[in-house]
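Visitor: This is what each chain is made of:
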Amino acid sequence: MIPAKFDYIKATSLDQAIELLAKHGFDAKVVAGGHSLIPAMKLRLNRPAVLIDIKGIEGLDGITEEGGHIVVGANCTHNQIASSELVNQHVGILATTARTIGDVQVRNKGTIGGSLAHADPAADYPATVLACEAIIEVLGSNGQRSIPAVDFFTGMFTTALEDDEIITAVRFPKVADGNYQKFYQSASRFAVVGVATVKNGSSVKVGITGVSDSPYRATAVEQAYDGTGSAAEHAVDGVDVMSDHFANAEYRAHLAKVMVKKGLEG
Amino acid sequence: MRVTLTVNGKPYSDDLEPRTLLAHYLRDTLNLTGTHVGCDTSNCGACTILMDGKAVKSCTILAVQADGSEITTIEGMANGGELHPIQQAFKENHGLQCGFCTPGMVMTAADILQNNPNPTEQEVRHGLEGNFCRCTGYHNIVKSVLHASELIK
Amino acid sequence: MKISGKHIIEAPVEAVWQKILDPAVLERVTPGIDQLEKLAADRYKAIADIRMGPVKGRFTGSLAIEDKVAPESCTIVLDQKSKIGNVKASITLKLVPLADHQTAVGYTGEARMSGMLARMGQRLLGGVVSTLAKQFFSAFEKEVNG
Amino acid sequence: METYIGKPIKRREDNRFLTGKGRYTDDIKLPGMCHAAFVRSPYAHAKILRINTEAARNAEGVVTVFTAADGPGDFGVPCGWQVNFKNGDTMREPQHPLLAKDKVRHLGEPVAVVIAATMALARDAAELVEVDYEELPAVTNPQEAMAAGAPLVHDAWEDNAAFDWCIGNDRAEVEAALKDAYHVTELEFVNQRLAPNAIEPRSYIADYDVNADKWTLYSSTQNPHLIRLLLCAFALGIPEHKVRVVSYDVGGGFGSKIYHYTEEALLIWATKEIGRPVKWTADRSEAFLTDAHGRDHVVKSKMGFDKDGKIVAHLTDEYCAMGAYLSTFAPAIPTYLHGTLFQGLYTTPLIHLNVVAPFTHTVPVDAYRGAGRPEATYLIERLVSKAAKEMGIDPAEIRFKNFIPAFDGVKQPGYQTQVALQYDSGNYAPTLEKALEIVDYKGFRQEQAEARKQGKLLGIGISTWIEGCGIAPSAVVGALGARAGLYEVGHVRVQPTGKVTVFTGTHSHGQGHETVFAQFVADRLGIPIEDVDIAHGDTNEVAFGMGTYGSRSLAVGGSAIVKSIDKVLEKGAKIAAHKLEAAVEDIEYAQGKWTVKGTDKSISFGDVSLTAYVPHDYPEGLEPGLDFSSFYDPANFTFPFGTHIAIVEVNADTGKVTLKRFVAVDDVGNVMNPMIVDGQIHGGVVQGIGQALLEEVVYDDHGQMLTGSYMDYAMPRADDLPFIETDRTVTPCPHNPLGAKGAGEAGTIGATPAVVNAVVDALHHLGVDDIQMPLTPQRVWAAMQNVQR
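Residue numbers (this note's numbering), protein chains in the order written: chain H, 1 to 266; chain X, 1 to 153; chain Y, 1 to 146; chain G, 1 to 789.
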């Protein structure tokens with residue numbers, strides 16, 4: 001399998017990358033690790049005319065502590081996140097989530113920025129950024145924006161990113177008590193259901209991926225939370241549950257409840 | 001587009017179409033045909049190589065993305081006629097049958113053992129989740145990796 | 001696969017009916033539609049550039065509006081081809097007036113894909129349709145009330 | 001002197017695979033080689049209205065574009081096995097064209113081929129070929145294909161049946177026995193369609209030499225000579241002596257690389273047209289669409305028992321898909337490789353199987369590891385386990401009650417089944433006894449009861465199995481419709497220095513022939529294994545052969561080599577006798593030398609070899625040389641057997657099945673290399689587990705494939721599995737010189753029902769008595785829900 005032809009530009013700065021994006025618009029795609037994009041290009045399901053490689057841009061692959069937040073650069077790989085001391089110490093749920101993605105090889109190459117921008121409805125990070133109330137930092141022709149996770153995912157493979165915007169970092173509040181529960185699709189190992197739970201005293205925040213066309217905050221669960229797992233019954237309240245060959249809507253809704261219960265009790 | 005990189009310790013520089021996948025560059029341009037391609041969707045792991053010391057799937061990386069990197073393929077594992085301990089362990093434990101997935105298994109095993117020199121059975125099994133084998137039922141592959149961890153000590 | 005859903009539009013049923021059959025409006029609000037060229041009454045040549053996550057492709061083909069019962073229902077028939085596979089869809093829209101100048105737009109139908117698109121995209125089709133519908137109705141609502 | 005048989009000798013082929021020096025077809029580059037890309041149908045059934053290749057022809061790097069109208073449409077690939085209707089009518093056999101002509105009949109059927117300078121350019125240009133189709137209704141389920149009004153796959157016939165066949169006792173007699181039975185167990189299910197998924201995709205290079213007027217085909221085939229025969233005699237009508245087929249290393253086959261595929265024939269046709277070598281290697285997504293699939297049976301069964309749990313009758317009706325065309329061995333799979341195993345290991349006195357084999361709008365179905373026998377075993381072992389539950393008999397006990405008593409095929413005759421075949425030798429109970437002991441069956445039942453109290457769902461599943469392999473006696477298969485003999489060729493060339501090259505017509509694609517064959521050759525000749533080399537996979541080197549499948553290589557191919565070794569030793573004895581100045585009757589051969597009995601006068605194998613090639617002092621009238629080729633046609637199939645036991649845990653919340661233990665006690669006859677036999681069992685078992693829990697090709701109602709990549713077709717991974725516990729008993733095959741039966745398919749045959757029986761056992765107390773394969777979490781959960789409702 002070989003992609004259709006394209007031009008490849010290795011961007012050396014964010015400004016250059018954004019300029020290129022603005023110029024090529026619909027025809028351009030940003031690549032970092034490439035593990036969401038390149039398989040689609042090989043199948044020729046996607047054929048960008050221009051590929052803008054941002055992997056070499058300095059300053060996008062660090063993990064730092066800033067003002068009580070852990071800031072993860074967009075180009076950080078899943079393995080880098082999974083093994084980061086800072087992340088493990090302060091946002092353990094993020095490290096756990098990263099460890100469930102793909103396989104060793106994919107985790108060595110795929111990046112958090114790429115995964116979030118791709119917004120696969122079965123990706124793992126979305127649940128966790130939602131539950132953590134992380135902020136997605138983006139830069140575009142019109143400058144910098146900080147997008148709260150809850151506003152970021154707008155549908156299947158669609159996000160609040162404008163055509164000329166690039167994710168630069170994800171800012172995570174510190175999370176003391178959180179867990180990520182994943183039910184694997186047996187072929188792709190994507191999430192049939194992924195549930196991120198962040199507990200803070202008597203309150204809880206729950207992010208769910210895989211269930212609907214877009215990841216969501218399970219606000220009904222959060223409101224009904226009573227310190228036990230019983231609020232899990234509300235996992236799919238008001239949600240249009242997806243159906244596919246592996247999990248029809250009924251089973252998927254059931255799994256969501258099971259995973260949320262595990263999360264609440266975990 | 002010019003790509004300059006090191007493969008198995010030797011420098012290479014070639015003009016390539018940007019769409020050339022690293023796996024195809026290794027196989028077709030450098031004639032390193034030990035790296036195999038078994039699927040289109042980054043699942044099977046037959047194309048696994050080490051890029052800057054880490055296991056990656058070379059069918060999902062453009063050669064231009066590998067510019068400046070250091071690559072190790074299966075051909076770079078043995079030292080002359082002497083097999084690498086992982087290769088040795090696969091041989092001693094019958095960790096291969098048709099041999100097609102084998103290079104990818106060996107390269108993934110190298111990554112696993114680098115990060116975890118004393119893995120448990122479950123850690124080895126989990127580490128191999130990105131590599132399909134259709135012949136061995138993984139039984140002897142898992143044994144091989146566990147044995148390799150002993151040999152490397 | 002079967003498709004169904006319902007959206008409430010903040011506009012009276014006549015306004016919705018009028019706009020939903022207006023090719024100029026359809027061209028503006030349908031996600032990806034680049035061009036809608038009239039071939040005959042209620043029959044258009046349609047060109048769409050669809051970009052959704054892993055999938056990006058140019059689709060060309062026809063869009064027809066059939067079985068019109070004003071201002072209650074109609075069926076939109078799509079037949080689109082692309083290098084990555086073809087899409088055929090037949091979707092019936094039902095408009096139900098609600099109180100306070102609202103209209104419920106329900107849709108039911110079937111979409112079928114072929115080729116690589118079907119093999120790689122089938123499991124995602126439900127979500128894609130749901131997202132596209134959300135985009136369509138949100139743009140449509142702006143158009144009606146704009 | 002060291003001997004080798006029975007020892008876990010490390011594989012000699014491993015160094016090249018471990019160092020990246022394997023020679024798979026796609027690794028080969030030829031000067032001037034160009035690349036082919038196929039334009040494939042996006043529909044399961046459609047009329048081809050128009051093909052426009054102009055843009056593609058004019059695209060960068062394109063050598064040419066062919067459609068059926070350019071010549072390939074005149075040719076088709078043949079079917080190698082004829083199975084007629086039970087009323088005597090001839091099997092319906094449509095042409096299987098190299099490129100589709102007026103109609104496409106399955107998703108992915110090729111309609112054009114683009115040949116270009118590089119693989120990338122060929123694919124670019126293939127996208128430019130415009131094909132207008134008129135889509136037609138399709139049918140993908142074999143039962144629905146036989147319903148009135150179903151879309152016809154081939155218009156030439158009034159319905160979709162390729163044939164309608166039966167085997168066993170008179171149907172009325174079986175029905176009557178069922179009517180009178182104390183208990184009847186019924187089962188209806190689908191033995192789902194599987195994709196073989198050798199990790200190496202199919203690959204071919206065709207190269208025509210205009211000066212010599214000769215072709216070479218490099219192919220990832222399991223049987224190079226058979227491909228050459230089919231290609232020359234049937235597909236293209238080209239002279240066989242001008243065609244060389246080379247198959248060096250092949251990355252797994254599992255059946256899918258037995259068949260003569262259209263791409264192979266097309267490339268051989270095309271290379272002459274363009275005068276350049278041309279390569280095609282399948283993508284995985286093409287592999288899903290074009291490699292012959294396995295299984296796909298819709299089954300309805302009844303098994304009757306007396307009050308003691310003895311089987312009195314078995315009646316099964318099946319619809320078994322053929323796909324759009326008849327693949328090379330396809331008709332044999334649900335018939336002679338399936339119905340003939342309906343005896344199982346049991347004394348069932350009355351058996352009847354009826355098979356309707358329809359065409360469907362899908363890729364052809366053919367042999368996949370086990371080929372018809374896993375389907376038979378699954379059916380019988382599910383029926384027996386289900387009956388045990390229904391009758392309140394222990395599942396081990398019901399099997400012991402019904403086993404055919406032991407027979408060795410020498411002192412006691414073979415066992416004549418109700419379904420044509422005669423078993424060679426068997427001793428079934430010990431494998432079950434041993435397996436029960438290994439799992440501590442009684443202990444497990446206690447553990448299970450305890451676990452249940454805590455809400456944990458543990459289950460144990462037993463499957464006993466038998467298969468007919470060592471394929472196969474030519475006269476028998478000929479009578480059953482095979483259009484080829486199934487003997488094997490073994491050629492032993494003793495070099496002047498006493499080194500030995502063995503040429504075998506079988507083909508190793510993971511089975512380890514280079515090691516295993518060398519083991520018994522070295523032992524029989526009494527020479528070091530280093531002095532023996534095994535060659536295969538090149539029609540120019542090896543005289544002839546039928547290839548590797550059906551667990552036949554050792555039993556049939558090995559026996560052919562033994563025949564040649566016997567000839568070598570017989571002639572060697574004459575030379576030795578001459579040199580030792582003794583009568584042939586007075587010398588004996590042992591440990592690499594001939595000795596005059598009762599003396600210390602001897603001559604080594606090497607000296608005799610040299611004498612044979614430097615015959616200065618030589619027996620009068622004896623030809624020089626020490627080089628023999630033999631054809632071995634087996635006297636019977638071989639019948640390995642065994643017991644598999646699975647222990648599973650089912651997650652009560654999600655329905656996910658976790659395999660806790662898997663025990664396989666198999667009897668594959670004499671074992672040459674236990675390491676390799678165990679490896680074959682491990683791999684087979686895991687493929688069987690794959691069918692039970694994960695794998696399924698799903699076509700939708702329109703013939704689109706929903707599981708056409710590894711994103712959607714689930715296969716076992718390392719972390720889905722425990723170690724497989726193996727053990728064995730040894731009941732030698734009485735009719736071949738090695739006493740070997742065959743181990744390649746054993747695991748796949750035994751494993752699937754063991755796993756399903758275990759899951760049903762875990763859930764039976766909840767009211768679950770069957771679940772459709774694969775036992776995905778969703779299906780298992782739904783089964784639990786349904787009984788609770």
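There's no promise every hint is true.
[Stated by the list, open to error] Not the full set, but computed from the structure, chain G residues with beta-carbon under 7 Å of chain X:
no., residue
1, Asp-14
2, Asn-197
3, Gly-252
[What the hints assert, rightly or not] Once the Cα atoms are required to be at most 20 Å apart in a straight line, the calculated SDA-like pairs of lysine to any residue come out as:
no., chain 1, residue 1, chain 2, residue 2
4, Y, Lys-45, G, Lys-401
5, G, Lys-656, X, His-147
6, G, Lys-101, G, Glu-144
7, G, Lys-10, X, Leu-146
8, H, Lys-5, G, Asn-58
9, G, Lys-10, X, His-147
10, G, Lys-453, G, Leu-766
Worth flagging that the hints you see were computed from the coordinates, not collected in a lab. From a predicted model like this one, the values you see are computed outputs, not experimental measurements. For every residue, glycine included, the Cβ atom is placed at its ideal position computed from N, Cα and C.
Visitor: All hints, please: hold or fail.
Guide: Each hint tested on the structure:
Hint status for Asp-14/G relative to chain X: holds, with the closest Cβ pair at about 5 Å, below 7 Å. At about 6 Å, the closest approach between the beta carbon of Asn-197/G and any beta carbon in chain X falls short of 7 Å, and the interface hint on this residue holds. Taken as an interface hint, Gly-252/G checks out: its beta carbon lies about 4 Å from the nearest beta carbon of chain X, inside 7 Å. The suggested pairing of Lys-45/Y with Lys-401/G is violated, with an alpha-carbon distance near 72 Å, which exceeds 20 Å.
In summary, the hint linking Lys-656/G to His-147/X is not supported, as the alpha carbons are separated by about 31 Å, beyond the 20 Å threshold. Only pairs whose Cα atoms come within 20 Å are accepted, and Lys-101/G paired with Glu-144/G is rejected, the gap being roughly 26 Å. Between Lys-10/G and Leu-146/X the CA atoms are separated by roughly 18 Å; this keeps the pair inside 20 Å, and the hint holds. Of the supplied pair hints, the one linking Lys-5/H and Asn-58/G holds, its CA atoms being roughly 17 Å apart against a limit of 20 Å.
Of the pairs offered as hints, the one joining Lys-10/G and His-147/X holds, with about 15 Å between alpha carbons and a cut-off of 20 Å not exceeded. The suggested pairing of Lys-453/G with Leu-766/G holds, with an alpha-carbon distance near 13 Å, which does not exceed 20 Å.
The earlier numbered hints that this structure contradicts are 4, 5, 6.
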